[in-house]
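There are 2 protein chains.
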Amino acid sequence: MSLIQSWLASANRPDNPFPVNNLALGVFSTGDDDPRCGVAIGDMILDCRAAERSGLLEIPGGGFFGQPSWNQVMQAGPATWSALRARLTGILSRGSRDEAAARQHLTAMSDAKMHMPFTVAEYTDFYAGRHHATNVGTMFRGADNALPPNWLHMPIGYNGRASSVVVSGSDIRRPWGQLKGPDHDKPAFMPCRRFDFELEMGAIVGTPSNGPVTVDQADAMIFGYVLLNDWSARDIQAWEYQPLGPFQAKATATTISPWIIMKAALEPFRVDAPERKVELLSYLKDTGPMLYDIDLEVSLSPQGSDGTTITRTNYREMYYSAAQQLAHHTSSGCPMRTGDLLGSGTISGPAKSARGSLLELSWGGKEPLRLDCGEDRSFLLDGDTLTLSGVAQGDGYMIGFGQCTGTLLPALEAPYTA
Amino acid sequence: MSLIQSWLASANRPDNPFPVNNLALGVFSTGDDDPRCGVAIGDMILDCRAAERSGLLEIPGGGFFGQPSWNQVMQAGPATWSALRARLTGILSRGSRDEAAARQHLTAMSDAKMHMPFTVAEYTDFYAGRHHATNVGTMFRGADNALPPNWLHMPIGYNGRASSVVVSGSDIRRPWGQLKGPDHDKPAFMPCRRFDFELEMGAIVGTPSNGPVTVDQADAMIFGYVLLNDWSARDIQAWEYQPLGPFQAKATATTISPWIIMKAALEPFRVDAPERKVELLSYLKDTGPMLYDIDLEVSLSPQGSDGTTITRTNYREMYYSAAQQLAHHTSSGCPMRTGDLLGSGTISGPAKSARGSLLELSWGGKEPLRLDCGEDRSFLLDGDTLTLSGVAQGDGYMIGFGQCTGTLLPALEAPYTA
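Which chain is which? The protein sequence lines are A and B, in order. Mapping to this note's numbering: the first sequence position 232 is 1156, numbers consecutive. Mapping to this note's numbering: the second sequence position 223 is 1147, numbers consecutive.
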């Protein structure tokens, strides 16, 4: 696969994240206009609602762009997804007879405000990166018991809170919570002191299921991927998580990037999962390359300072693919719906510089991280802006995910108004 | 509070669960008709959609009954809830000038099929019954470590799966899952062998929140209550739940009763929480009686046999109220939405005959339960029908919850079709 040339020059630059090969899907608004569906192309956005109304963007089944979300397209299934990509490629490629018409529906990305690209039905977060699970397990249980006994047999996950998922750019309020330090004899209700990020990818369920699905069926159900930051209150988590898992520690917010990268755009970047230390049960077995070679990095900017890249890793470091996670998720018969969001789990590489959370980077606060501006960080401070970015590097082009960013605001002085 | 007489004789019988005092809200259909909102009265249902269209049931804000769910009323808030109850009471009470008009919109309950009464936004399940937590903890960790250290300080909960919530009467398919018995050296993928019920109440969030709310604010947000059976695969749970909590063990199905009992109907039955062993933090403190005196029982009927009552207990046995659970749920800033469903956690009383799950009743399978038909049960067998029922007993009248029932079907022979 090489670059598909567009009549829009900015889409052909090798460092542009949004060539015709990508066709990233978002929801945007400009000025006082309503949010509406758009496709990223170069440094512009094609307004899908306007293009549909003018007759330019007709997809069999029709009428997809009346709502400010991609759920209707997602639910329509793979034939519609292919038809959409084919039509958009036809419109946006160099030599298209639709160039003049399409140019009327372009908006500069820099003028657009981005909104949630889809309605999240439910949100599930996994714990499926082996380096992350090993690091966290070593800190909490020692190196000999780092991985729980079930870990190599199934993708461990828990249900998160869909109502807390926000789009990149949303400010994040440091939470209050019940916590108890090792040096305290009683718990207290106070602002979180160990607020952290988690570098993840989010997989989005397109077509629903009702009953167990195979790994191949699960892969076919996935519509696309986003970057995902699962903000985490480590001190709240430490006190609450036994015996039923994380709850309020993960409920403040989860941020996703504004552009859905369709699975089709990522096909050239499929890679095999890491070597299996233990043979997987049949229902979870790898049936082909289902991870993706996506370079990921995280930047941390204290208020008023430039950012420091604090992590560089790759999505291929995961032990379980999103398809395996989704297959496991349905194994009990759990119905999955259009818009279900599956967080990969924190993506850490083997190197120290490839760790996907401050908990790991600062080793539980014992080894604070030195930023370029000279400040140290164990956990996030008020005013810090954290930004994830991701790119799949092709031959002369790239598939970019854009950015997933958020700034941490101070905790409310008093959380209760009554 | 005493019985409010109706012009409908069946609503005035002291053993009828649905007097004018109750005004239970459901969604029903008859024959080929669409599902629509209805109110239970005696052995009949008042068709709210038809009553609204005819001009009989006008509520300020109007147009509430076009959708087959109560979410729109729930979202409208307490003033609408009160107006609805006042108007329905006016229509249905003895001497009402609306009797003749209302009689045109009555359907026999026995002719109606019941549907989900509301759209579940998200589902959270708690672990807030002290006797249950003590029983389970004793089995798993011994009597000295029965309650986790955090248990007396906060209502422990985890996020469940809204897509798996079904209405009473839905058949339940025994799940497959990954499990590993203590006698096995490797996990296997097989049908669950320890399938169980959990007797719970469900609280339904009416008005949304965005940020921490107090216990009093939380109580005001609650629209009503249902019976809830959190079907549980104990063997799947035992293998998967460390370290992130129950996942597929709780994702097969959760059944709720078809009638929402509004909080207002339960006001006369408010009771205080049990004595606090440890002082609660301010944000969780009791501010008044927020539990309810509701008698609960569970019946188990093997296929072709009469039912045996296997549990009798009361909702007042809970340690934390739904208002406290909801306040804790928002403490991190987690947004709550109309239609969020909060399971109380299993409601067990102190007596052996008051235990709310087979896990406790059969003490992990060590003391099988003898049914009236002569069969023994440690966990549920295929064909078993399990029924929860609940009643608040007033002076010459009762507020009934109806029933929450489901029959266990055998596991699929082969779960995968591909």
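It is possible that part of the hints are untrue.
For chains that are exact copies, the list does not tell them apart, and a pair is met inside one copy or across any two.
DSS-like cross-link-like pairs, simulated, lysine-lysine; straight-line CA separation at most 30 Å [stated by the list, open to error]: (1) K1201 x K1037; (2) K1201 x K1110; (3) K1037 x K1209; (4) K1110 x K1276; (5) K1104 x K1290; (6) K1110 x K1037; (7) K1290 x K1209; (8) K1276 x K1037; (9) K1037 x K1104; (10) K1290 x K1110; (11) K1290 x K1276; (12) K1290 x K1037; (13) K1110 x K1209; (14) K1276 x K1201.
Since the hints were derived computationally from the structure, they do not count as laboratory data. Computed from a prediction, not measured in an experiment: that's the story for all the values here.
Here's how the hints hold up against the structure:
| no. | hint | result |
| --- | --- | --- |
| 1 | K1201 x K1037 | neither (46 Å within a copy, 52 Å between copies) |
| 2 | K1201 x K1110 | between (42 Å within a copy, 14 Å between copies) |
| 3 | K1037 x K1209 | neither (42 Å within a copy, 42 Å between copies) |
| 4 | K1110 x K1276 | neither (35 Å within a copy, 33 Å between copies) |
| 5 | K1104 x K1290 | within (19 Å within a copy, 37 Å between copies) |
| 6 | K1110 x K1037 | neither (45 Å within a copy, 52 Å between copies) |
| 7 | K1290 x K1209 | neither (38 Å within a copy, 36 Å between copies) |
| 8 | K1276 x K1037 | neither (36 Å within a copy, 60 Å between copies) |
| 9 | K1037 x K1104 | neither (40 Å within a copy, 50 Å between copies) |
| 10 | K1290 x K1110 | within (24 Å within a copy, 37 Å between copies) |
| 11 | K1290 x K1276 | within (14 Å within a copy, 49 Å between copies) |
| 12 | K1290 x K1037 | neither (40 Å within a copy, 61 Å between copies) |
| 13 | K1110 x K1209 | between (46 Å within a copy, 16 Å between copies) |
| 14 | K1276 x K1201 | within (22 Å within a copy, 46 Å between copies) |
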